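Please take these sequences and the hints and turn them into a complete structure.
Single-letter residue listing:
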Amino acid sequence: MNLKTFSLILLSICGLTQVFAQNFEQKMSQGQIRGNFQFDMQYYREDSIIGAQQPNEQVLSNGFLNLVYTNGNFTTGFRYESYQNALLGFPEGYRGNGITYRFATYQKEKLTVTAGNFYEQFGNGLSFRAYEERGLGYDNAMDGIRIKYELMDGVTLTGITGKQRLFFDFGEGIVRGFDASVSLNSLVPKLKENKTKIIFGGSAVSKYQPDQDSRYILPENVSTVAGRVNVNRGKVNINAEYAFKSNDPSSDNGFIYRSGEAMFLQTSYSQKGFGLVLAAKRNDNMSFRSDRNEAQQNLLINFLPALTKQHTYNLLATLYPYATQLNGEIAFQADLIYKFKKGSLLGGKRGMDIQMNYSTANNIDTTSLNDENTLRQGYSSDFFKIGEVYFKDFNFQINKKFSKKVKGRFTYANLVYNQEIIEGKPGVPNVYANIGIADVTYKFTTRKSLRTETQILFTDQDQGDWATLLLEYSYSPHWFIAIMDQYNYGNKDSEKQVHYYNVSAGYNNKGNRISMSYGRQRAGIFCVGGVCRVVPASNGLYLSVTSSF
Amino acid sequence: MSQMKTKLFFGSIFLALFFLTCEKIEDPFPRELGQSIFLNNIEYIVDQSLDVGTTNELNNFIDNSTWTSISASDNSETRFVLLEEFTGHKCTFCPRGTREIVRLDGELGDTLIPVGIHAGGFALPDIGASSYFTDFRVEGGHGETYNNLFQVSSYPSGVVSRLGNATGSDQWSIDINSLKNDKPKVALQMTNSYALIGQKPVVRSNIAITWSETLPEDYNLQMYLLEDHILDWQLDLGTDKPDYDHRHVLRKVINDTFGKALEDAIIGETETIEYIFEFDPAWKANDIEVVAFIFKNDDTDKEVIQANASYIK
Numbered sequence: 001m002n003l004k005t006f007s008l009i010l011l012s013i014c015g016l017t018q019v020f021a022q023n024f025e026q027k028m029s030q031g032q033i034r035g036n037f038q039f040d041m042q043y044y045r046e047d048s049i050i051g052a053q054q055p056n057e058q059v060l061s062n063g064f065l066n067l068v069y070t071n072g073n074f075t076t077g078f079r080y081e082s083y084q085n086a087l088l089g090f091p092e093g094y095r096g097n098g099i100t101y102r103f104a105t106y107q108k109e110k111l112t113v114t115a116g117n118f119y120e121q122f123g124n125g126l127s128f129r130a131y132e133e134r135g136l137g138y139d140n141a142m143d144g145i146r147i148k149y150e151l152m153d154g155v156t157l158t159g160i161t162g163k164q165r166l167f168f169d170f171g172e173g174i175v176r177g178f179d180a181s182v183s184l185n186s187l188v189p190k191l192k193e194n195k196t197k198i199i200f201g202g203s204a205v206s207k208y209q210p211d212q213d214s215r216y217i218l219p220e221n222v223s224t225v226a227g228r229v230n231v232n233r234g235k236v237n238i239n240a241e242y243a244f245k246s247n248d249p250s251s252d253n254g255f256i257y258r259s260g261e262a263m264f265l266q267t268s269y270s271q272k273g274f275g276l277v278l279a280a281k282r283n284d285n286m287s288f289r290s291d292r293n294e295a296q297q298n299l300l301i302n303f304l305p306a307l308t309k310q311h312t313y314n315l316l317a318t319l320y321p322y323a324t325q326l327n328g329e330i331a332f333q334a335d336l337i338y339k340f341k342k343g344s345l346l347g348g349k350r351g352m353d354i355q356m357n358y359s360t361a362n363n364i365d366t367t368s369l370n371d372e373n374t375l376r377q378g379y380s381s382d383f384f385k386i387g388e389v390y391f392k393d394f395n396f397q398i399n400k401k402f403s404k405k406v407k408g409r410f411t412y413a414n415l416v417y418n419q420e421i422i423e424g425k426p427g428v429p430n431v432y433a434n435i436g437i438a439d440v441t442y443k444f445t446t447r448k449s450l451r452t453e454t455q456i457l458f459t460d461q462d463q464g465d466w467a468t469l470l471l472e473y474s475y476s477p478h479w480f481i482a483i484m485d486q487y488n489y490g491n492k493d494s495e496k497q498v499h500y501y502n503v504s505a506g507y508n509n510k511g512n513r514i515s516m517s518y519g520r521q522r523a524g525i526f527c528v529g530g531v532c533r534v535v536p537a538s539n540g541l542y543l544s545v546t547s548s549f
Numbered sequence: 550m551s552q553m554k555t556k557l558f559f560g561s562i563f564l565a566l567f568f569l570t571c572e573k574i575e576d577p578f579p580r581e582l583g584q585s586i587f588l589n590n591i592e593y594i595v596d597q598s599l600d601v602g603t604t605n606e607l608n609n610f611i612d613n614s615t616w617t618s619i620s621a622s623d624n625s626e627t628r629f630v631l632l633e634e635f636t637g638h639k640c641t642f643c644p645r646g647t648r649e650i651v652r653l654d655g656e657l658g659d660t661l662i663p664v665g666i667h668a669g670g671f672a673l674p675d676i677g678a679s680s681y682f683t684d685f686r687v688e689g690g691h692g693e694t695y696n697n698l699f700q701v702s703s704y705p706s707g708v709v710s711r712l713g714n715a716t717g718s719d720q721w722s723i724d725i726n727s728l729k730n731d732k733p734k735v736a737l738q739m740t741n742s743y744a745l746i747g748q749k750p751v752v753r754s755n756i757a758i759t760w761s762e763t764l765p766e767d768y769n770l771q772m773y774l775l776e777d778h779i780l781d782w783q784l785d786l787g788t789d790k791p792d793y794d795h796r797h798v799l800r801k802v803i804n805d806t807f808g809k810a811l812e813d814a815i816i817g818e819t820e821t822i823e824y825i826f827e828f829d830p831a832w833k834a835n836d837i838e839v840v841a842f843i844f845k846n847d848d849t850d851k852e853v854i855q856a857n858a859s860y861i862k
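Those protein sequences? They're chains A and B, same order as listed.
Numbering of the first sequence is given in the numbering used here, commencing with residue 1 and proceeding in unit increments.
Numbering of the second sequence is given in the numbering used here, commencing with residue 550 and proceeding in unit increments.
Label pairs and their in silico Cβ distance ranges:
(1) B:Asp600 - A:Val534: 49 to 57 Å
(2) B:Glu572 - A:Phe74: 35 to 43 Å
(3) B:Thr683 - A:Phe74: 53 to 61 Å
(4) B:Glu818 - A:Ala280: 48 to 56 Å
(5) B:Asp829 - A:Gln296: 46 to 54 Å
(6) A:Ala280 - B:Thr759: 56 to 64 Å
(7) B:Thr759 - A:Gly254: 25 to 33 Å
(8) B:Asp675 - A:Ser368: 48 to 56 Å
These stretches of chain B come out as covered by chain A in the derived footprint (C-beta under 8 Å, 3 or more residues):
(9) 692 to 701
(10) 797 to 810
What the hints contain is simulated information worked out from the structure, not anything from laboratory work.
Nothing here was measured: the structure is a model prediction, and the numbers come from that model.
For each residue, glycine too, the CB sits at the ideal point set by N, CA and C.
What follows is the structure in structure tokens.
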């Protein structure tokens with residue numbers, strides 16, 4: 001090869017590289033980047049009156065940034081998380097910085113492939129649910145492969161395999177799963193126009209974890225299979241699912257070899273101004289984790305929804321919320337929404353909404369088999385019998401607009417709370433509580449308003465009576481300032497009749513939000529969907545920044 | 550339509566694979582654990598095959614036979630070191646590992662407890678062939694479990710007192726030297742008694758564990774039975790040797806893959822356990838050794854803190 005030829009080849013390569021680079025740049029520029037950011041930081045002060053500790057670091061913070069790039073059928077992204085160190089109440093495992101979530105996914109015709117981290121849910125989650133609940137510090141994201149394939153019109157298959165996230169590491173077990181969802185109306189041409197819509201599905205999920213136990217022979221592969229159906233016709237919807245789990249001795253169930261099962265049934269009726277939901281659930285020995293020795297919220301493979309109302313008002317939401325009991329519970333819920341029309345006797349000039357809710361959760365019936373040294377089946381259970389009360393909540397809420405300037409929301413709740421079981425405090429009595437809340441907003445102008453929350457809780461048990469007063473002034477759409485005091489005036493220990501004062505202010509603008517607060521935070525329990533985190537008492541300055549684009 | 554059937558067919562197979570991946574356990578307790586009988590502050594754990602279920606039967610069983618006894622060395626002042634070697638008869642470089650063990654054994658004497666575990670691809674027997682037909686792998690799949698647990702990726706490999714994962718033979722003496730001068734946290738005394746009952750060779754291995762410290766962790770006792778000096782085929786640096794001297798071969802895991810959980814480690818307290826078991830009459834009783842060791846029962850840390858070994862006669 002002479003110098004001239006070599007130069008020509010070199011120039012061609014340079015030219016091609018440039019063209020390729022231009023094409024690549026052009027292609028990349030057609031994509032979109034989305035993301036969100038959150039940073040929470042707290043300076044802690046010691047406060048012996050409420051039992052608040054000052055950690056050695058004095059200042060703790062949690063932060064993350066999500067970035068997702070989408071270009072046509074291709075999506076990739078990551079999440080960077082930082083815990084320096086994690087805010088009090090978050091699991092200790094969150095320490096340090098790192099990229100904890102990264103993935104790439106593409107879709108080609110009927111096939112969608114994801115490599116890396118992903119969240120996924122089969123049916124109602126009885127067999128499998130990987131999800132994140134940031135406020136709880138809950139994240140059981142999968143790291144592995146997910147394949148979705150639309151086999152034919154109305155039939156979707158999903159296969160997953162991988163390990164679950166455990167803070168900055170992964171659980172020991174490998175999770176494999178498969179789900180099929182079939183829309184009967186799409187599959188069968190005759191039913192296409194039928195008013196009754198039927199979707200059924202099935203899933204099978206198994207985990208593998210080596211047996212290194214010296215006491216027992218443990219199953220290294222454990223599986224859960226589930227079947228479900230959703231029927232919808234006009235205003236009526238029925239959703240049912242049943243799951244069965246093979247023998248899965250674990251620290252949750254005391255290493256018994258009994259199989260597990262869960263059943264979920266929800267029916268609803270809705271029309272304009274009226275809605276009714278009835279739900280029932282029974283789960284028996286259905287804790288399913290990818291590490292049999294884990295506890296708390298770590299490495300859960302499945303999700304057992306709590307059939308209780310998710311309250312938002314402080315005293316109701318964080319003093320006595322219900323946490324799903326994985327080892328066994330029977331729960332029922334009825335939820336009614338009714339809108340009194342404008343001009344009706346109760347609706348008055350501006351109408352009125354009422355919501356009524358009743359939920360109850362009990363233990364399942366169990367009879368010990370006393371077979372610890374033989375088959376270790378643990379207990380027998382009558383499917384229809386109900387055991388001790390775990391939780392009861394009757395509540396109703398009235399929403400009423402009194403005038404153009406004044407509107408209110410009034411709530412009453414009656415709770416029965418089995419503190420011994422839900423909080424694991426041996427020997428403490430059940431809590432019986434009555435709670436009343438008045439939430440009234442006065443609008444000065446279209447932009448300026450004052451909201452007041454008056455809450456009161458009566459109980460003879462636990463910490464006794466509480467009262468809360470909140471005043472929140474908003475200058476929309478950007479500013480708010482609030483002052484709140486919670487007072488445990490009914491505590492039998494006079495030294496614990498403490499005020500929990502708190503002042504906060506915030507600024508919102510085009511997807512950015514900055515807020516600060518200063519004061520005491522009462523110890524409590526923060527729950528989402530029956531999954532809970534204990535929040536310790538604290539005192540200090542809190543800063544939060546969120547942003548999305 | 551036929552295409553649809555094909556799709557559904559493959560879909561069903563795919564689904565079935567997941568259904569199959571679970572195991573129904575009928576009996577939660579490992580068979581190897583045997584029958585536990587408490588007598589005079591000793592927990593006797595007797596092989597079920599010996600048909601001893603009560604204290605009377607146990608007394609008769611012991612009293613009606615003539616036992617010859619031998620005791621292991623005292624390790625109350627010395628930390629004995631366990632070396633589990635992973636090997637295979639068709640592994641051409643493995644004899645290098647054995648030679649290193651023999652060298653270390655000569656140097657350290659009773660304070661080194663070597664165990665040869667035949668596992669992995671090189672340990673597969675050639676059934677029906679004229680050479681390499683002997684299966685040296687221990688019954689019950691325990692060797693493969695250890696092989697995976699200590700992440701053996703090449704042969705020979707060995708793990709010294711279960712300090713992390715298995716390493717090459719160059720590392721063994723370094724690891725041994727890092728441990729051998731440690732003050733022991735526990736003393737493990739062993740007395741083996743042997744009797745031939747009918748045609749059954751039976752061993753009573755009496756283990757007395759005395760804690761020198763109070764320790765917060767959980768510990769397990771693991772018992773192995775070895776046969777030394779087995780003359781059989783071995784590939785040795787490219788040469789097929791029919792009478793190679795296989796040393797300290799793991800023949801039986803006496804109390805299951807991960808042993809028996811011990812009582813809490815409290816300074817001054819002694820726990821005495823006696824395993825009574827038989828072994829294959831084809832194994833040479835003169836070369837049978839019992840190995841006992843105590844290790845941390847932790848998912849990520851299985852360090853052996855004391856070990857001992859003794860022949861049975």
